[in-house]
Structure formats: C-alpha cells, structure tokens
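Trainee: Sequence:
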Amino acid sequence: MEYNHKGEKRLASTRRAMGRAMCGVTLMHRNPAREIRWRTGVKDVIENIYDSKKRWTGNVARLNDNLGRSV
Numbered sequence: 001m002e003y004n005h006k007g008e009k010r011l012a013s014t015r016r017a018m019g020r021a022m023c024g025v026t027l028m029h030r031n032p033a034r035e036i037r038w039r040t041g042v043k044d045v046i047e048n049i050y051d052s053k054k055r056w057t058g059n060v061a062r063l064n065d066n067l068g069r070s071v
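Going by the UniProt record's numbering, the first residue of the sequence shown is number 1, and it counts up by one from there.
None of these hints come from the bench; they were simulated from the model. Glycine included, each C-beta is placed from N, C-alpha and C at the ideal position. One thing to keep in mind: the hints can contain errors.
Claimed, not checked - Taking CB as the label site, the calculated pair distances span: (1) GLU35 to ALA61: 19 to 27 angstroms; (2) MET28 to ARG55: 35 to 43 angstroms; (3) PRO32 to ARG62: 35 to 43 angstroms; (4) ARG62 to THR26: 44 to 52 angstroms; (5) ARG62 to ARG37: 29 to 37 angstroms; (6) ASN59 to PRO32: 29 to 37 angstroms; (7) LYS54 to THR26: 32 to 40 angstroms.
Generate the whole structure from the sequences, applying the supplied hints.
Mentor: Below, the structure is given as structure tokens:
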C-alpha cells in the first residue's frame, strides 16, 4: 500500500474502527480517538509508519557506510 495522505487517512480510520471494536464502543458513544488508543494501549498508526520509515532510512545509511569496509 502506498503511504500517501489518502492512505494515511484510510489506515487511521481502520485503526479507529478496530480500536472501537476491541473496547466495545460504538460511534454513538462519541469517544475521542486518543481515549480509545489509551484504552487499547496501541500507538497511533501514522506515528508508527513514520518511525518505521526513519528506522529504515538509518539502516540503509549504515549499510552504505559499511559496504566499502567489508570489501
């Protein structure tokens, strides 16, 4: 899946739906997303995606630095 703005919104809405299902809360209860994340103890999906991207970028940067030393 491509991680653009539309994809982020789709992932976030899916995550909120799963969180509501885990907590047994419906949309009619009108609980904020942060409260549902707090109840489930799950990190925000978008933050998780960007953290993974940063980690991957760091791994690639180190890989390129070590490539010349191993040859």
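Trainee: Now tell me, hint by hint, if it's right for this structure.
Mentor: Against the structure, the hints come out as follows:
At roughly 38 angstroms, the beta-carbon separation of GLU35 and ALA61 lies outside the given 19 to 27 angstroms, and the hint is violated. About 38 angstroms separates the C-beta atoms of MET28 and ARG55, a value consistent with the hinted range of 35 to 43 angstroms. In this structure the hint that PRO32 and ARG62 lie 35 to 43 angstroms apart at CB holds, the actual value being about 39 angstroms. Separation of ARG62 from THR26 is about 46 angstroms and conforms to the stated range, judged on CB atoms against 44 to 52 angstroms.
Evaluation of the 29 to 37 angstroms hint for ARG62 and ARG37 yields a pass: the beta carbon distance comes to about 32 angstroms. Our hint of 29 to 37 angstroms for ASN59 and PRO32 holds, since their Cβ atoms are close to 35 angstroms apart. A C-beta distance of roughly 35 angstroms is found between LYS54 and THR26, which places it inside the suggested range of 32 to 40 angstroms.
In terms of the numbered hints stated before, the structure departs from hint 1 and from no other.
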